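Asker: For reference, the chains in residue letters:
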Amino acid sequence: MNTAAEKHIDPAQQWHQIRMIENPLIRHSLALLVLLYIFWSMLSINVDWGRFLLGLPRAANIVARMLPPDFSRWELLIRGMLESVQMALAASFIGMILAVPIGICASSNIVPKPVYLMARAFIILSRTFHEIIVAIFFVKIFGFGPISGVLTLTISSTSFISKMLAEDIENMPPGQIEAIRATGAGFFKLLIYCISPQAMPRYLGVSIYRLDANIRHSTVIGIVGAGGIGQVLAASFSRYDYDFSLAILLSIIVLVFLGEFFSNWVRSRLR
Amino acid sequence: MLEVIALSKTYATGTMALDRVSFVVDQPQVVAIIGPSGAGKSTLIRCINRLVEPTSGKIIVDNTDVTAQGQRQLRKTRRQMGMIFQEYNLVERLTVMENLLSGRLGYVGFWKTYRRKFPKADVAAAFELLDRVGLSGYQDTRADSLSGGERQRVGISRALMQQPRLLLVDEPTASLDPKTSRQIMRLIVELAHERGTPALVNIHDVGLAQSFADRIIGLADGKIVFDGTAKEITAQVLTDIYGEEDWSTTIQKIQQSSDSAKGRQAWKQKNKIEREVAAE
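As you go down the protein sequences, you meet chains Y and X in turn. Here the first sequence is numbered in my numbering, starting from 1 and rising by one per residue. Here the second sequence is numbered in my numbering, starting from 1001 and rising by one per residue.
By construction, these hints were calculated from the structure, which means they are not laboratory data. Computed from a predicted model, the values in this text were never measured in an experiment. Treat the hints with care, since some could be wrong.
[Said to hold, decoys possible] Within a straight-line C-alpha distance of at most 20 Å, the following computed SDA-like cross-link-like pairs (lysine to any residue) qualify:
| no. | chain 1 | residue 1 | chain 2 | residue 2 |
| --- | --- | --- | --- | --- |
| 1 | X | Lys1076 | Y | Phe188 |
| 2 | Y | Lys113 | X | Leu1051 |
| 3 | X | Lys1117 | Y | Leu191 |
| 4 | X | Lys1117 | Y | Lys113 |
| 5 | X | Lys1112 | Y | Pro197 |
| 6 | X | Lys1231 | X | His1204 |
| 7 | Y | Lys113 | X | Ala1012 |
| 8 | X | Lys1058 | X | Met1016 |
| 9 | X | Lys1112 | Y | Leu190 |
| 10 | X | Lys1076 | Y | Leu191 |
| 11 | X | Lys1117 | Y | Leu190 |
| 12 | X | Lys1076 | Y | Pro197 |
| 13 | X | Lys1223 | X | Ala1006 |
| 14 | X | Lys1112 | Y | Phe188 |
| 15 | X | Lys1117 | Y | Gly186 |
Go ahead and model the full structure; you've got the sequences and the hints to work with.
Answerer: In structure tokens form, the structure reads like this:
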């Protein structure tokens, strides 16, 4: 019995964690290389600490000129805010509607492959560029103002909501779809009697979330001239009206808070 | 009623799930299909309403070849076949009544479906069925708040709402406890007999198949290896279907029933009491 135990190497002694890269030499040198590269990149950024120090008193100056915030031009402020909210509302609504057919077509479990691929390609393409880039593009075409903003946000909302909708439909248990097909229902009856009730709460939730996100984004894209409060903010910065800028920034914080609060409240009621 | 001729199915992965399966159901009987996992039971049931597209062979239902039908005709065929699933497959967010009425989707137009305007007769039939399966009063309960047994009752009712000429039943009891399993099997068999509807029932549990089915088909590796009644099941038959195993405890009931009906009765009684105690 002893000899048999000696012949067999005890598996308990042999066991060790399975690693992604088994060779320890390769493993450790790879880690070292990564660290060296990070170190080298930091060196090559060439941070000019002198300039950083020069900036500090300037920052203090700007902060001093920001205080107290100037709400005297509240009419301009309110108009900008309203424009931002309206841009967000319009874009969310149009996006919500456009997202339904696109989202359905992008669900591999209910449509033929070519349709699926086309819809997915559209979604990927419209998600490629950041909103700022799209906004710059639209401002070049349609000029300054909310039209460019609404178009920009509509594109991003459509792709976002349709992607989420498609993912939700694809995650549906296949059994329900199978059962409804087994009753002799065609594609559209399947949509309204099975897909729609199951996907509706999340679709509404995502749309409301997108409205909230659009309010935030609408303040940003205004900076490149696409309307809304962002445009007012950019103008105040370039005119060195820092006290008005602070008033705008504070108002944006309040607006975003309200948007988030509203979105959470609505989504908590969707079940 | 139903004729399956040399039905074969090979999946894209190369697995041959069904190998020239042929059988005829020519009277309203409950046919249990038993066999190990992967024998092709599910594929067989799903080929009949073409949820799975057969590779070759024919399926004749009431003198029409289902395998040759186009999409439009296929939908008409499907509405005449009620299907019951292991996982119930109810639309979870819809109410019990809406789930029952989904059995009428093949008959009602698009806009009526959209507005949930089903014919009065359908709603009346749904209420009658709810009463029959013991769910009266549940019409406005959402499907996701039901228990397993209740869900399967809704699943059975949905299939029967189609007024099917054939019932396809896929592992109806595999997700249920033993007591509920027997109740559900009994309900399916009673309803099939009441309405004179033939039923094909995939089932894991040999005991359940023996106690409830009029006829048993044994499937192994995609081929039919047994076709007969519960009494004809012997240790050899079970070995043909499932492979080598000590079957003495499984077929004991049958031997007892053929040796002495009394003994079986006593055994059943004892079992029933035990189950009731266990259920409490």
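Asker: Decide, hint by hint, whether the structure agrees.
Answerer: How the hints compare with the structure:
1. X:Lys1076 x Y:Phe188: Answer holds: Lys1076 of chain X to Phe188 of chain Y is near 16 Å, not above 20 Å.
2. Y:Lys113 x X:Leu1051: With a Cα-Cα distance of about 18 Å, the restraint between Lys113 of chain Y and Leu1051 of chain X holds, given a limit of 20 Å.
3. X:Lys1117 x Y:Leu191: Cα-Cα ~17 Å, so holds.
4. X:Lys1117 x Y:Lys113: violated (33 Å)
5. X:Lys1112 x Y:Pro197: holds (16 Å)
6. X:Lys1231 x X:His1204: holds (18 Å)
7. Y:Lys113 x X:Ala1012: Roughly 16 Å separates the two Cα atoms, so the pair holds.
8. X:Lys1058 x X:Met1016: holds (17 Å)
9. X:Lys1112 x Y:Leu190: Judged against 20 Å, a Cα distance of about 13 Å means the pair holds.
10. X:Lys1076 x Y:Leu191: holds (18 Å)
11. X:Lys1117 x Y:Leu190: Holds, because 16 Å separates the two Cα atoms, which is no more than 20 Å.
12. X:Lys1076 x Y:Pro197: violated (24 Å)
13. X:Lys1223 x X:Ala1006: holds (10 Å)
14. X:Lys1112 x Y:Phe188: holds (12 Å)
15. X:Lys1117 x Y:Gly186: holds (17 Å)
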